[in-house]
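Protein chains in written order, with my numbering: chain A, 1 to 157; chain B, 158 to 297.
Hints are not guaranteed to be accurate.
Claimed, not checked - To give a feel for the contact side, a few chain A residues facing chain B, derived at Cβ under 10 Å:
hint, residue
1, Phe16
2, Ile24
3, Leu61
4, Leu148
5, Met151
Hints are computed from structural coordinates only; laboratory data are not their basis.
All C-beta atoms in this analysis are idealised placements derived from N, C-alpha and C, irrespective of residue type, glycine included.
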Amino acid sequence: MDTYDWLLFLHVTGAFMVLGGVVIAVVFNVSALQRERPSEIALLFRLTALAVTAISIGMVLTIGFGLWLVAHVDYGWGEAWIVTSLLLWVVANALGGIGSNRDKVARRLAERLAGEGDAPNAELSARVRDPVSLALNWGSGIVAIAILALMIWKPGA
Amino acid sequence: MVALVRPESWNFPLFLHVLGAMVLVGAVAATAIAAGRGTVLRGIAFRTMLFLVLPAWVLMRLAGQWIDSRENPSDDATWVGIGFVVGDAGLVVLIGTAVLAWWAYRHPERSWPGRAVAGLASLYLVALLVAMWAMTTKPD
């Protein structure tokens, strides 16, 4: 394996962690939407947070080894697909970061309610189904898929 | 460096193949996590196997065959062999895991089916990582 192979493998590993993590987050997030008991919602949000950790590590791997690849392969730094991908990487991080912070508030509320009788709660239900959080999280995943498409088609390369 | 000179007609099947593989990795990981968390999440493990893992496998495998017909690599190439083994033998593992996940869901009093689902899913995750390495670095 030469340097290019290693860089590509680590870059692609990061991409799999990002989109694989998005899928894990979707599974547990959608499951949380169908629950009412705070203890169950808290558990599912903790598992979603696990996925967010995988996504964050993957994001660092994709950008780090991606930039290294650009330099190694002699792509132009100003090529449209590279510049657009970098912009979308920032957008995906921003959307996911804000969405994840809103989920953290819901998780803390669920954990508190679980310790206080574990009864269904209207405020928790509203936070779990918050359309802004859902839009941010789902939007972040869709942007990540758009980056994958750019990586494959490389328009303008 | 095939990626640098890839013909335009390969892109769509490659996109579907990679997307299917990424969804497969995430769904198998979600199954392993859910099945390993006691009885409360066994329904999630079973539904994830049924509605995400198996459809993602179909997308990954069919798109893989599509790109294989375009790229036409040597049948003797190690990376192609690894891909076919992990893909095709993997279906047997995944069907077995789905049946076990259903069993675990229907019999919450038994702990072994849940542990078996988590174990098999984790094992297949490692196989997928090996396949991803082979697809990326393409060893002869």
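> Under the criterion of a CB-CB separation shorter than 10 Å, is methionine 151 of chain A in contact with chain B as hinted?
Replying inline: holds, 9 Å
query = Does phenylalanine 16 of chain A meet its interface restraint, that is, does its C-beta lie within less than 10 Å of any C-beta in chain B?
reply = holds, 5 Å
Please verify that hint: leucine 61 of chain A, Cβ, nearest Cβ of chain B, below 10 Å or not.
For leucine 61 of chain A, the interface hint is violated, since the closest Cβ of chain B sits about 13 Å away, which is over 10 Å.
Practice item. Report holds or violated for the interface hint on leucine 148 of chain A, using the least CB-CB distance to chain B and a cut-off of 10 Å. Key: Leucine 148 of chain A check passes; min Cβ-Cβ to chain B is 7 Å, inside 10 Å.
Holds or violated: the hint that isoleucine 24 of chain A contacts chain B, with Cβ atoms closer than 10 Å. holds, 5 Å
Checked against the numbered hints above, the structure breaks only hint 3 and satisfies the rest.
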